[in-house]
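Trainee: Each chain is listed here by its residues.
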Amino acid sequence: KNQVEQSPQSLIILEGKNCTLQCNYTVSPFSNLRWYKQDTGRGPVSLTIMTFSENTKSNGRYTATLDADTKQSSLHITASQLSDSASYICVVARNAGNNRKLIWGLGTSLAVNP
Amino acid sequence: DAGVIQSPRHEVTEMGQEVTLRCKPISGHNSLFWYRQTMMRGLELLIYFNNNVPIDDSGMPEDRFSAKMPNASFSTLKIQPSEPRDSAVYFCASSFAASGSNEKLFFGSGTQLSVL
Chain X
1 KNQVEQSPQS
11 LIILEGKNCT
21 LQCNYTVSPF
31 SNLRWYKQDT
41 GRGPVSLTIM
51 TFSENTKSNG
61 RYTATLDADT
71 KQSSLHITAS
81 QLSDSASYIC
91 VVARNAGNNR
101 KLIWGLGTSL
111 AVNP
Chain Y
115 DAGVIQSPRH
125 EVTEMGQEVT
135 LRCKPISGHN
145 SLFWYRQTMM
155 RGLELLIYFN
165 NNVPIDDSGM
175 PEDRFSAKMP
185 NASFSTLKIQ
195 PSEPRDSAVY
205 FCASSFAASG
215 SNEKLFFGSG
225 TQLSVL
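Top line first, the protein sequences correspond to chains X and Y. For the record, in the first sequence the residue sitting at position 11 is 11 according to the numbering used here, with numbers rising by one throughout. Position in the second sequence counted from 1, then plus 114, gives you the numbering used here.
Since the hints were made in silico from the structure, they are not lab data. Every residue, glycine too, gets a C-beta built ideally from N, C-alpha and C. Accuracy of the hints is not assured; some may be wrong.
[Claimed, not checked] Below are the EDC-like pairs computed for lysine to aspartate or glutamate, each with C-alpha atoms no more than 16 Å apart in a straight line:
1) Y/K192 x Y/E132
2) X/K101 x Y/D171
3) X/K57 x X/D67
4) Y/K218 x Y/E176
5) X/K101 x Y/D170
6) X/K101 x Y/E128
7) Y/K182 x Y/D170
8) X/K101 x Y/E132
9) Y/K182 x Y/E125
[Unchecked claim] Selected chain X positions facing chain Y (in silico; Cβ < 10 Å):
10) R34
11) L82
12) S85
13) I89
14) G107
15) A111
[Claimed, not checked] Counterexamples of contact, computed for chain Y against chain X with all Cβ distances above 10 Å:
16) E158
17) S187
18) S223
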C-alpha cells in the first residue's frame with residue numbers, strides 16, 4: 001500500500017533552535033518527494049521537490065534530504081523563527097505518467113516559542 | 115499575480131442545502147485540482163482537470179459532489195445535498211503541467227465548510 005508516514009506528529013521548540021522532521025514512505029514507483037509548509041488558515045506552500053537522483057536540497061534555512069534506498073526523507077530547519085510555526089507535510093509523487101498521483105502525509109505540527 | 119483565488123473563505127450551511135465553492139487558478143496554468151483536508155485524513159484529491167477537461171474524478175466521494183471547469187480561469191465544486199460529514203477545508207490548486215512530472219502545485223487559501 002502506498003503510504004507516507006511522518007514523525008513526530010507535533011513538536012515544540014524554542015526560537016533559534018534547530019529541528020529535524022522525518023518522513024518515511026512506501027510509494028512505488030517513485031517519482032519525486034516534496035515538502036510543503038502550511039500556515040494556519042492557508043494553503044500548503046512548496047518548499048522543496050527532490051527527484052530520485054537528488055539526496056539534498058536547500059531553500060534558505062530549510063534543508064531536505066532524501067535516501068531513496070531506505071525510502072526516508074528529512075526536513076531540517078536551522079535557527080528557527082517564530083514564523084516557522086506551521087504544519088510541514090511530506091508528499092511523494094508516484095511515477096504515474098503525468099504526476100497526478102501524490103501521496104500526502106498527515107504532517108508534523110511545529111510550534112516555535114519565544 | 116494574485117495566486118489561486120478561492121471563494122468563499124468560510125461557508126456555514128444547513129444539512130441538505132446546496133453548496134458551491136469557486137476557484138480562479140493562476141493565469142497560464144493548465145491543470146487544476148480540488149482537494150479536501152480533514153484532521154483525520156489529511157489532504158485528499160477529489161478531482162483534477164487538465165486543459166479544462168476532467169481527467170480523474172476517482173476521489174469524488176459520492177454523486178453528491180460535482181465539479182466543472184467551463185473555462186481556463188474558473189472552476190466550481192458543488193455539493194448537493196450537503197451533509198455534516200462534508201465539513202472540511204476545501205482547497206483548489208493549479209499548476210502548469212509540461213512534459214515532466216515535477217511541476218509545483220500552487221494552492222489557494224481554501225474554503226472552510228461547516229454543514230450543520
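Trainee: Next, verify each hint and record whether it holds.
Mentor: Outcome of the hint check:
With a C-alpha separation of about 7 Å, the suggested pair Y/K192 and Y/E132 falls inside the 16 Å cut-off, and the hint holds. Note on X/K101 and Y/D171: the hinted pairing holds, with a Cα-Cα distance of about 12 Å set against a maximum of 16 Å. Only pairs whose Cα atoms come within 16 Å are accepted, and X/K57 paired with X/D67 is accepted, the gap being roughly 12 Å. Proximity of Y/K218 to Y/E176 is assessed by CA-CA distance (about 28 Å); at most 16 Å being required, the pair is judged violated.
Proximity of X/K101 to Y/D170 is assessed by CA-CA distance (about 10 Å); at most 16 Å being required, the pair is judged to hold. For the proposed pair X/K101 and Y/E128, the alpha carbon gap of about 33 Å is over 16 Å, so the pair is violated. Using a Cα cut-off of 16 Å, the hinted pair Y/K182 and Y/D170 holds, with the two alpha carbons roughly 12 Å apart. Between X/K101 and Y/E132 the alpha-carbon distance is near 29 Å, which puts this suggested pair outside the 16 Å criterion.
Restraint check for Y/K182 and Y/E125: not satisfied, since their Cα atoms lie roughly 19 Å apart, outside the 16 Å limit. Look at X/R34: its Cβ gets to within about 8 Å of chain Y, closer than 10 Å, so that hint holds up. Against a cut-off of 10 Å between C-beta atoms, the interface hint on X/L82 is violated, since the closest Cβ of chain Y lies about 21 Å away. A least Cβ separation of about 18 Å between X/S85 and chain Y goes past the 10 Å threshold, and the interface hint is therefore violated.
Hint status for X/I89: holds, given a least beta-carbon distance of 7 Å to chain Y, under 10 Å. With a cut of 10 Å, the hint placing X/G107 at the interface with chain Y holds, because the nearest CB-to-CB distance is about 7 Å. Interface restraint check: X/A111 against chain Y, minimum CB-CB distance 16 Å, threshold 10 Å, status violated. Once the 10 Å rule is applied to beta carbons, Y/E158 is inconsistent with being away from chain X; the minimum gap is 8 Å.
Y/S187, annotated as away from the interface, keeps every beta carbon of chain X farther than 10 Å; the closest lies near 18 Å. Remark: the non-interface label on Y/S223 conflicts with the geometry, its nearest Cβ contact in chain X lying 6 Å away (cut-off 10 Å).
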